[in-house]
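Undergrad: Now for the letters of each chain:
2 protein chains.
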Amino acid sequence: MEIDELNPDVLAVKPSALRVFDHEISGDPQMVKLTLGEPDFNVPEHIKKAAIASINADQSHYPYYWGIQELRDAAAKYYCEKFGYQYSADQIVCTVGATEGLSATFKTLFKPGDGVLIPMPAYPVYKAMASLNQLVPIMVDTTDTDCVLTPQQVTAAIAAHPDVTIKGVVITDPSNPTGAVYSEEQLAALVPVFRDNQIWIISDEIYGELTYGVSHYSLSKWLPEQTIIINGLSKSHAMTGWRIGFVFGPTGVIDQIAKAHQFEVTTPTSIVQYAAVEALTHGQNDAAAMRKIYQQRRDYLTQSLDRIGMTYVAPKGAFYIFTKIPEQCGQDSFTFAQHLAKTYHVGLMPGTPFGDPQALRISYASSDENLHAAIEALTKELTRVGALTK
Amino acid sequence: MEIDELNPDVLAVKPSALRVFDHEISGDPQMVKLTLGEPDFNVPEHIKKAAIASINADQSHYPYYWGIQELRDAAAKYYCEKFGYQYSADQIVCTVGATEGLSATFKTLFKPGDGVLIPMPAYPVYKAMASLNQLVPIMVDTTDTDCVLTPQQVTAAIAAHPDVTIKGVVITDPSNPTGAVYSEEQLAALVPVFRDNQIWIISDEIYGELTYGVSHYSLSKWLPEQTIIINGLSKSHAMTGWRIGFVFGPTGVIDQIAKAHQFEVTTPTSIVQYAAVEALTHGQNDAAAMRKIYQQRRDYLTQSLDRIGMTYVAPKGAFYIFTKIPEQCGQDSFTFAQHLAKTYHVGLMPGTPFGDPQALRISYASSDENLHAAIEALTKELTRVGALTK
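As given, the protein sequences belong to chains A and B, one line each in that order.
The first sequence: position 291 = 291 (my numbering), numbered continuously.
The second sequence: position 13 = 1013 (my numbering), numbered continuously.
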């Protein structure tokens, strides 16, 4: 049986470089990992108790494929109060984390050959999903505009691809990997170009509760009829490994996404659905304590990077800093990150998968001690190569 | 935004009629449901304890996307001892139940336009997955051979479709919906035709532990290099809603399936992965007690159906009986099942989605009391229409 006879779209896609790199360096027990985007906090106790109660109550049977009614009711209420989402329970599908929500959404919205705009730098999974669905990913560089997409960039991308029907755009707000956060004005400015060109908006708001000194807005406020929101509890409630997410979308489209979802997974884990009801009904403030700590860490990192002369995109949300590798380090991001891992036992994520081969992503969803170790390693390395400018 | 501009493959597929029918009748609190294929047993206590221990140990972070090493090690050992599978841990991907394993496998093995043989009657999700991946599902009627596929039927199907490259076949053994179980000889007889025609075998063995008086064999014994096994703990350990499955496949192919899996879900729920380790290391006999009860129920049902003159495929495994609706009932299976639900508050699954509009699937993963209610309803209805032949 010939491997090269398999689905060429699957053959062509690479496994997530992020997870592969993280796995590679995990063999070193000394490794300080600031790689994956997951909170170092544990799931809040009241949510753990709800999960245990669900196990003890033997709620182990198939939930309805959209997700249990209580959870969709709770999600409608919670996200309306948090961010003003205007979606009823029957416009919400519960998914296996944000990933599965994205997967079902990419599969549903587009036809092979359709173009999808991906503002760069970006979480690399979007491009992979576009490719797996035979779409045309169109990467739009936003580094000149503080990693915030502008209407001019959209217009220019459309003009530059006259042969592609551009049907979608991915907005990640707050951004992974840069921590950029769109202001209300910046989102409002995008509305006409998305409306006029009838572009579906995949609005990945998974970091929505993690903003520092600024508010989170959702494009669904202006364009509910063409916005699909991806959200979930992985970041806001430190539930990454538990895998629960939500897709919000207008009637008609959400029903189609629900079908694609059903044939991917049937439904998310029952235990986690019941636990998520608790998170959404009594965990409105769970993120607040984490947010405070993240903000302190962000401040420590930006001050430290300033001190050693490393530049970065101003981070206002999520828990990442995307920083430029000094030229004197003269290496691509993978080589440099591997060198840091080998020499200093510090794991920072190479920028290449996000679209910048001369950058690193530092996750500050990690302890102060780990952040100190990372800064110490960078300081030593920059000193070694003569790149310490201050 | 036009709904008819969405992905036509998603638009065309129908949501699982099984789940929709089950959901429809679930509004009646009196309803006796023998519809969905899920054990009425609870998750065994030692597995629940392991899940709770995992929660308390805060094992809530991202597991590696193939699944945690301990689980893949445990799966390799368990299934080798149970059924003789010869797969190492690095040939196993942990999935969100069997559904996600099937989804990733369909996505990976085939190219748009490839043909896939589906012996009928069949679990309707296979056809839906084939269509979602732009494959050509070729339904092969096996009712004349006790719902067991024969080499002659494969050869005939290939000859009947000269324009289609037939690249795969789905073998469900034990079968949903018929309970048919392949003997060692019947599987061995299929080996040459699958080998000579280089046909990938998707071997759905999710009911492998539930056979009554006969043994379960796996085609991977003869054709490991072209067999992908789908299995999991939903049926053997009554863990349907917990969503944990496994895909076993040869090196090279399994790596590709792992990628497709990653971009669907990232990974199954961490809690359930740790609980599954317990199931596979200390739950070797968990299915035995359930199997004994299922067998008693099967015997009750076959005797009862014999008494009222309803015919069926001889069930040797799984927990279903696929029985013909008597002609005097003069209705298609949906109308008949809806009538039974409305009149007698008994939910039996229409046969149409499985490929037989004149059949019903009775799940005996339900209490004796419920089975009695079902037989009573059928007896009354057959009496009413004058179809009671004995």
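Hints were generated in silico from the structure; no laboratory data involved.
Treat each hint with caution, since some may be false.
Below, a list of computed lysine-lysine pairs in the DSBU-like style, where the Cα atoms sit at most 30 Å apart [what the hints assert, rightly or not]:
{"hint": "1", "chain 1": "A", "residue 1": "Lys111", "chain 2": "B", "residue 2": "Lys1292"}
{"hint": "2", "chain 1": "B", "residue 1": "Lys1342", "chain 2": "B", "residue 2": "Lys1324"}
{"hint": "3", "chain 1": "B", "residue 1": "Lys1082", "chain 2": "B", "residue 2": "Lys1221"}
{"hint": "4", "chain 1": "A", "residue 1": "Lys49", "chain 2": "B", "residue 2": "Lys1049"}
{"hint": "5", "chain 1": "B", "residue 1": "Lys1082", "chain 2": "A", "residue 2": "Lys14"}
{"hint": "6", "chain 1": "B", "residue 1": "Lys1033", "chain 2": "B", "residue 2": "Lys1324"}
{"hint": "7", "chain 1": "B", "residue 1": "Lys1324", "chain 2": "B", "residue 2": "Lys1221"}
{"hint": "8", "chain 1": "A", "residue 1": "Lys111", "chain 2": "B", "residue 2": "Lys1014"}
Undergrad: Hint by hint, note whether the structure agrees.
TA: Here's how the hints hold up against the structure:
For the hint linking Lys111/A to Lys1292/B, the alpha-carbon distance of about 49 Å lies beyond 30 Å, and the restraint is violated. As the CA atoms of Lys1342/B and Lys1324/B are separated by approximately 20 Å, the hinted pair is consistent with the 30 Å bound. Straight-line distance between C-alpha atoms of Lys1082/B and Lys1221/B comes to about 13 Å, which keeps the hinted pair within the 30 Å bound. A distance of roughly 14 Å separates the Cα atoms of Lys49/A and Lys1049/B; the hinted pair therefore holds under the 30 Å criterion.
Our distance criterion of 30 Å between C-alpha atoms is broken by Lys1082/B and Lys14/A, whose separation comes to about 34 Å. Note on Lys1033/B and Lys1324/B: the hinted pairing holds, with a Cα-Cα distance of about 19 Å set against a maximum of 30 Å. With a C-alpha separation of about 34 Å, the suggested pairing of Lys1324/B with Lys1221/B is violated against the 30 Å cut-off. Distance hint between Lys111/A and Lys1014/B is fulfilled; the C-alpha atoms sit about 18 Å from each other, no more than 30 Å.
In this structure, the hints that do not hold are numbers 1, 5 and 7, in rising order.
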